[in-house]
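Okay, here's what each chain looks like letter by letter:
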Amino acid sequence: MVLVSRGFRLLILTAFAAFFIVPIVWLVLAPTKSDEALVTNGPFAFGSLGNVALAWDHLDAFSNHIYRAWIGNSLLYALGATAIVLVTGVPAGYGLALSTFPGRRLVLTLTLIVMIMPAATLVLPIFLELDALHLIGSVLSVILPFSFFPFGVYLAYIYYSTAIPRDLLDAARIDGCGEWSTFRYVALPLAKPVVALVFFFSFVADWNNFFLPYAVLADSEQYPIQVGLSNLLSSTPSFNPATGGGGQQVGIFRPELALATLLAVIPVAIVFLLSQRALVRGLVAGAVKN
Amino acid sequence: MRLLGRFASPRSKLHWLRRSLLLSLAMAVVLPAGACGDDSDKGKDSSKLTIWVDAVRLPVAEAYKKEHPDLNLDIVTYDGDGNGATTMQTKIQLWNRTGKGWPDVVFSQQVNDPVWMAQKPFEFAAPLNDLIPADLISKWPAPSTAQCTVNGKLYCVQDNLAQVVLWYNKKLMDQFGYTVPKTWQEWAALGSKVATEHPGYIVGNIGDSYGHWIYLWGNQCPLEQLNGGKLLINSADSHCTRVASMLDPLVKNGTLPPLSVFTPDFAGKYGGAADKVLMMPGPAWYAQAVFNDTLHIPAGEITAAPPLQWESETPVTTGQVGGGPWIIAKRSKNLKGAADFVIWATTVFNPSGKDARPGYPAYGPAADVWLKDMATNKYFAADPTPALKGAADKIWTGWHLVTYPDQPVWSNTVVTQLVAGKSLSSLMQPFGDALAQAAQASGYTVIRQ
Amino acid sequence: MTVTIKATGQKPVRAQVTRKRGLGTMRGLPFVLPYLPFLVAFGILPVAYAFYLAVTTDTGGWAGFDNFTRTVRDYRFLPALEHILLYTGMWLGSLIVIVVGLALLLHGRANRVTSTFRFLFYIPGALAGASSVLVWLFMLDPSVSPGSFLLRNVLGSHLFVESIAPGKLPFVFAMIAFWTGAGGWIVVMYGALNTIPHDLEEAARVDGAGPITIALRLKLPLIRKWIAYMAILAFATGTQLFVEPQLVNQASLGQVPDTWSSNQLAYQLAFRYGDFNGAAAVSVDLIAVALIAAVVVVKRTGLFRIED
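Chains as they are written, first to last, in the working numbering: chain A, 8 to 297; chain B, 37 to 485; chain C, 5 to 312.
Hints were generated in silico from the structure; no laboratory data involved.
It cannot be assumed that every hint is accurate.
[Claimed, not checked] Each computed SDA-like pair below joins lysine to any residue, with the alpha-carbon atoms no more than 20 Å apart:
#: 1; chain 1: B; residue 1: 102; chain 2: A; residue 2: 68
#: 2; chain 1: B; residue 1: 458; chain 2: C; residue 2: 162
#: 3; chain 1: B; residue 1: 136; chain 2: A; residue 2: 141
[What the hints assert, rightly or not] Now the in silico label distances, taken between C-beta atoms and shown as ranges:
#: 4; chain 1: A; residue 1: 29; chain 2: B; residue 2: 236; range: 51 to 59 Å
#: 5; chain 1: B; residue 1: 422; chain 2: A; residue 2: 29; range: 51 to 59 Å
#: 6; chain 1: C; residue 1: 120; chain 2: A; residue 2: 169; range: 25 to 33 Å
#: 7; chain 1: C; residue 1: 63; chain 2: B; residue 2: 391; range: 50 to 58 Å
#: 8; chain 1: C; residue 1: 224; chain 2: A; residue 2: 177; range: 40 to 48 Å
#: 9; chain 1: B; residue 1: 436; chain 2: A; residue 2: 75; range: 38 to 46 Å
#: 10; chain 1: A; residue 1: 28; chain 2: B; residue 2: 236; range: 52 to 60 Å
Positions of the beta carbon are idealized from the N, C-alpha and C atoms, including for glycine.
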């Protein structure tokens, strides 16, 4: 009886695991096949590495190596914004956790409320705001909004509320440390897990963000990779036929599109793997998701 | 100090953290400045030319670049505003708001794009009367320049004429013993015959975003007719309903599938080895672009016949699918360079054979050269040029260009429902209603009869 | 050092009034200052600016509710609202039933296999945004998809165009959202389950309760608040849908309209018609939903306690 229920449990878990993983396996194998082979051979057939190289050549040749620019942009936006998030957010969490000042509750409540509002909610008002500041068209129009990451502040706040025992702070004060020194010698050394956590969430959120860059960037050379992928999609003949011809000259077919998607995921996957330990410890123990 | 002793080793960690934070911050500050620098330089260089083309016009732009290696050419491929996309509108809005970023030349697949580009709030297109010599402009057919004329000024020149003709597979028609139909009625009758005698073969398709331009425009259905200041959208007109009734049985029996000719599914089912396209009403540019490049139909089979007539009504009118307007931006800093390129692309560029321009050139002299080359093109079973040339001036002039795209309305209201199994006749009313809504949202006063 | 949330019901220990807590008044302010401009500029001001635009005309005059009534009467407004409500309903349903179910299944026997499954569920989360839609464009095409059998027999679509038929879209988008988001939520639910004291579970087991009874009668009620939090958040996020229909609009050659969701309508109003006031009105509608959800979560679920 126990075996049956255990087997049933395993069956359900495996079925869902297949649902989650099979598309990814397909994605990894797709660039190894040619466009016809994608249709005729099985979805899990392995083509050849030569096809991958060919697909990359086509992808790279598209619009003057713009794919590389897109990846570079995503790295710039995500890393730049995350750096600002870490520099502003971690100390803010510390200050909110361990001191009182007028408006503290207000700041915390506002942070919480905005944190819970989905990212897409404020894109259009932010666009208009940036336009009024004449920032539209500059990369700051992406980096600055990305640098506002209330979830990071909240994570730091939670962390410092629990991570720093009262006696440590008292000891610091007894030893004569001022505020900055206390932060330097007490808070910062303990910051590594929260920095890893905030880095992960901020980077992934920035890397995957579509709506904001889509709205504020007019020059396709500035697109991050997610918006670039939509640009590629609209140039793929089988998905967007040209009125007036097949558009075959562009050379972007389904294997190229699959390769583009796969490569776009790799940086996030790397960050994910690197942050695994901090994530597991932080999340599994019961932290809050944004 | 007790504290320092406890944190002696984390100190190095601290330094690492600080250093990397500072580095990232520095990078975040420095790099954007570099990127911004490029933007401001773009505007000052007046010999630079930024050209936006779709995938099909990429060879033209690249050929121009090759012929003029000393020119600073930036070729940007985009979706061509195809299938009624609003890409150009959103882009132009952004450029207008930021005050920079406009390209110099834009190619659009939407023949009505220049209409809104010339007017408020976009005001993107430059009048071409001063940029292109009048004697050149006069060599474009009058209907073509009329489509590019907004409020009396010329805002574009068309790349090609896209008159609808009847493409057919001569080899299969001979094999099955059919004669090429001259009227829509003969064509529909043939469709019913094919469904029973040769099931699986098709006499056309209705799944593309421009199906209404093929079947309704040519048959004088008033869905976009400007009368005075009002727009007539009358889908209940007999010209529309009789076409729908004619097409319904064909959609039902499978000889007129609601599938786009560009989808891999279509190519797999009817193209290539399957070779099941018996006939297909379609524009001039189907010639090599669709039959050879997209569907891979073997050589020596396809040719064109004159557009179909409705019973014995005269004059024979046909539809139009495209036209490919070239637009020069009003705020281009290199108007002369832009005009040079547009002139070259429409009047000079005219390779032969497999690399020929996919569309029937709108510019008269170029068309003559193109037709001559087409006539001897080994891909076709017979010379398609008489049909193409004959249809060039038969496009019905009762269909006017408007500021909103009607392709998405057709796709969304009609094609999706045809796929679901509804009849075209039952969809004419919703189609007309949806067109009216789109028109009103764009500021038109609509009359329905 | 593990990070934990104060479980509800626990009263935070208040420090004595006389004793300065932590760094004391005003001493912490400099640390918070660099963050404040961002909070104001990208959190508060946009909301305020959106409200301002929604009640003014394009020349700056007072418009009252005009923009709201005008956009509600737009022929695309109600269909878009209908679409996102359908979509959100399906997605919420899948989250509440499947995510909670999977988390309970995983938590029932916590071991190496469990953490492997949890990791596998989480992987698609890396593909949020445009990447996941692109993957699913292929998954929905019966000619290349590994799930073509399911597509043909369960979904009834033999061609890509049939997979994205209007009636199927809410389900398709919900499936994409589930594929990318479920993993993260499963981890959170699992974490929530971990906050249940072991002794409770032990006691129940000693009493003779089977795993299903423990899961449904013991664990499920104890994570009620978390499920509510997830549901409210999912509701707020679902109504903001933009990426998926926008990309499918491109891939479907216009058969899926570019105003399928309310956010898309706002975008078109702003960028195609230049009607920023109308776009702001629609945005405010959506912001209101998100705000209400956020306030409810913060004030009512008690999951977020701000200590004094």
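Status of the hints after comparison with the structure:
no.: 1; hint: B:102 x A:68; verdict: 17 Å, holds
no.: 2; hint: B:458 x C:162; verdict: 17 Å, holds
no.: 3; hint: B:136 x A:141; verdict: 11 Å, holds
no.: 4; hint: A:29 x B:236: 51 to 59 Å; verdict: 33 Å, violated
no.: 5; hint: B:422 x A:29: 51 to 59 Å; verdict: 55 Å, holds
no.: 6; hint: C:120 x A:169: 25 to 33 Å; verdict: 29 Å, holds
no.: 7; hint: C:63 x B:391: 50 to 58 Å; verdict: 53 Å, holds
no.: 8; hint: C:224 x A:177: 40 to 48 Å; verdict: 43 Å, holds
no.: 9; hint: B:436 x A:75: 38 to 46 Å; verdict: 45 Å, holds
no.: 10; hint: A:28 x B:236: 52 to 60 Å; verdict: 39 Å, violated
Hints 4, 10 from the list above are not met by this structure, while the remaining hints are.
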